[in-house]
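Please model the complete structure; the sequences and the hints are all you need to start from.
Protein chains: 2
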Amino acid sequence: MKKEKPVILVVNDDGIDAPGIKALIDMMKPLGKVVVVAPDSPQSGMGHAITIGKPLRLTQVHLYEGVEMYKTSGTPVDCVKLAVHKVLKGKKPDLCVSGINHGLNNSINVIYSGTMSAAMEGAIESIPSIGFSLDDFGYDADFSPLTEFVQNITRQVIANGLPVGTLLNVNFPKTDQIKGIKICRQANAKWAEEFDERQDPYKRSYYWLTGVFQNNDQGQDTDVWALEHGYASVVPVQFDLTAHHAIPLLNTWNFDVHEG
Amino acid sequence: MKKEKPVILVVNDDGIDAPGIKALIDMMKPLGKVVVVAPDSPQSGMGHAITIGKPLRLTQVHLYEGVEMYKTSGTPVDCVKLAVHKVLKGKKPDLCVSGINHGLNNSINVIYSGTMSAAMEGAIESIPSIGFSLDDFGYDADFSPLTEFVQNITRQVIANGLPVGTLLNVNFPKTDQIKGIKICRQANAKWAEEFDERQDPYKRSYYWLTGVFQNNDQGQDTDVWALEHGYASVVPVQFDLTAHHAIPLLNTWNFDVHEG
Chain A
0 MKKEKPVILV VNDDGIDAPG IKALIDMMKP LGKVVVVAPD SPQSGMGHAI
50 TIGKPLRLTQ VHLYEGVEMY KTSGTPVDCV KLAVHKVLKG KKPDLCVSGI
100 NHGLNNSINV IYSGTMSAAM EGAIESIPSI GFSLDDFGYD ADFSPLTEFV
150 QNITRQVIAN GLPVGTLLNV NFPKTDQIKG IKICRQANAK WAEEFDERQD
200 PYKRSYYWLT GVFQNNDQGQ DTDVWALEHG YASVVPVQFD LTAHHAIPLL
250 NTWNFDVHEG
Chain B
0 MKKEKPVILV VNDDGIDAPG IKALIDMMKP LGKVVVVAPD SPQSGMGHAI
50 TIGKPLRLTQ VHLYEGVEMY KTSGTPVDCV KLAVHKVLKG KKPDLCVSGI
100 NHGLNNSINV IYSGTMSAAM EGAIESIPSI GFSLDDFGYD ADFSPLTEFV
150 QNITRQVIAN GLPVGTLLNV NFPKTDQIKG IKICRQANAK WAEEFDERQD
200 PYKRSYYWLT GVFQNNDQGQ DTDVWALEHG YASVVPVQFD LTAHHAIPLL
250 NTWNFDVHEG
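Protein chains in written order, with numbering that gives the first Met the number 0: chain A, 0 to 259; chain B, 0 to 259.
Derived by calculation from the structure, the hints in this document are not laboratory data. Just so it is clear, the structure is predicted and the values come from calculations on it, not from any experiment.
Listed next, the in silico BS3-like pairs over lysine-lysine satisfying Cα-Cα at most 25 Å (straight line): (1) A/53 <-> B/202; (2) A/88 <-> A/2; (3) A/189 <-> A/173; (4) B/88 <-> A/189; (5) A/85 <-> A/4; (6) B/189 <-> A/90; (7) B/189 <-> A/91; (8) A/53 <-> B/53; (9) A/189 <-> B/90; (10) B/88 <-> A/202; (11) A/21 <-> A/173; (12) A/91 <-> A/21; (13) A/85 <-> B/189; (14) B/85 <-> A/202; (15) A/32 <-> A/21; (16) A/91 <-> A/2; (17) A/85 <-> B/202; (18) A/4 <-> A/28; (19) B/4 <-> B/91; (20) B/4 <-> B/28; (21) A/4 <-> A/91; (22) B/4 <-> B/21; (23) B/189 <-> A/53; (24) A/88 <-> B/202; (25) A/202 <-> B/53; (26) A/32 <-> A/4.
Right under this line is the structure:
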């Protein structure tokens, strides 16, 4: 008896018409039955936002032959919730893949990224989940050098599953000569923010958020190092944010409010 | 010589006019020089969203006597960035406190919460940071039983700092008889989502996100347990999301794309 093809949920944050999600859909087609739920407009930088102050729209669309597709008015995280609970009617997909993001989500970017938050929502739903990103913001970014890597990582996750409470954050350098894959930790880096101040026609100030990526981590086991040296980085990510190592120290503090 | 008062940045996600931030401002006034930067409208559920597709507004307001206050058009995370880089001109505050949130941010809610994401942004900026939340969504919630606890925790953080890369997630039960403070880990709980489907006057469907909080964790060292038993919960939180324990396993996988 032939085993049923795995159901693969594809989501993203750049929107349903982004070239990155088209590339990911094409890469997933040989591996399973693809269902797509994606935002109807770009949602970069949305982090783990959800929509609670207004209602959500969910509309079936027919963009690519043979693929069940929906667009939503929600955030990337809303897309996963709507996919699981409305589109798939509570039957969980075998896999959730997010991306391919136009731009890196390595290091601290994992926290700001809609792509990675969608994958994290998949993991919270106990679905093996992976986020994919490429170091190229361009609309005409070339995703083809990633194909074998994306498919191989996906096959491994389908075959092996992932440890409970974890997902994968996969980033690719911009090159057609990817050297291989490195398993990494999240580099200790941050954005050095700047605000570009301008004046509107009514002489009132407004600000554009800009910034410079600042790596403070010289480790050779980080995602930043791997990408700088031509490798794809794979970071296992968890949604238990507890700093377990800090608990013993805090237990030595005096929290007695009735003293002194 | 008298030591200078610490500069305390107060932010939130419920908006600059929320009773919770007024309560927190009043609690912080005896402890330092208070500067407030908060959203001009409610931003609950915004997670770690930042504003990159449109410009930001930042406007000084005069709501409470003797307090420097600004409202912004941005997210809670934007508020911290604007506070540090525009309002304080790059001079970091000695402390960042966020809240007091109208509603709990314990367990998995830390990930969806604008309150906690603002505190996390403070921590990413290397500012000792604390998020405070109360189990009461009401506009007329009574924050007064929290005063001593909030001030005591804040004094401890000012005196001791926090371990590198960590912040505190503090949640209070709805009672005027808080039993004390428990240092906890994040409970393994999640939202069982439901979508309330309705039809607009044009017969098109729309959806409201609703859900039931589902605790799958019987541990007595969790924030859910503490709150259910009348204690305030303090969870140390980190922004290194690496699942370090999963790295050895992933290193055993075969990622060779040229094989087979």
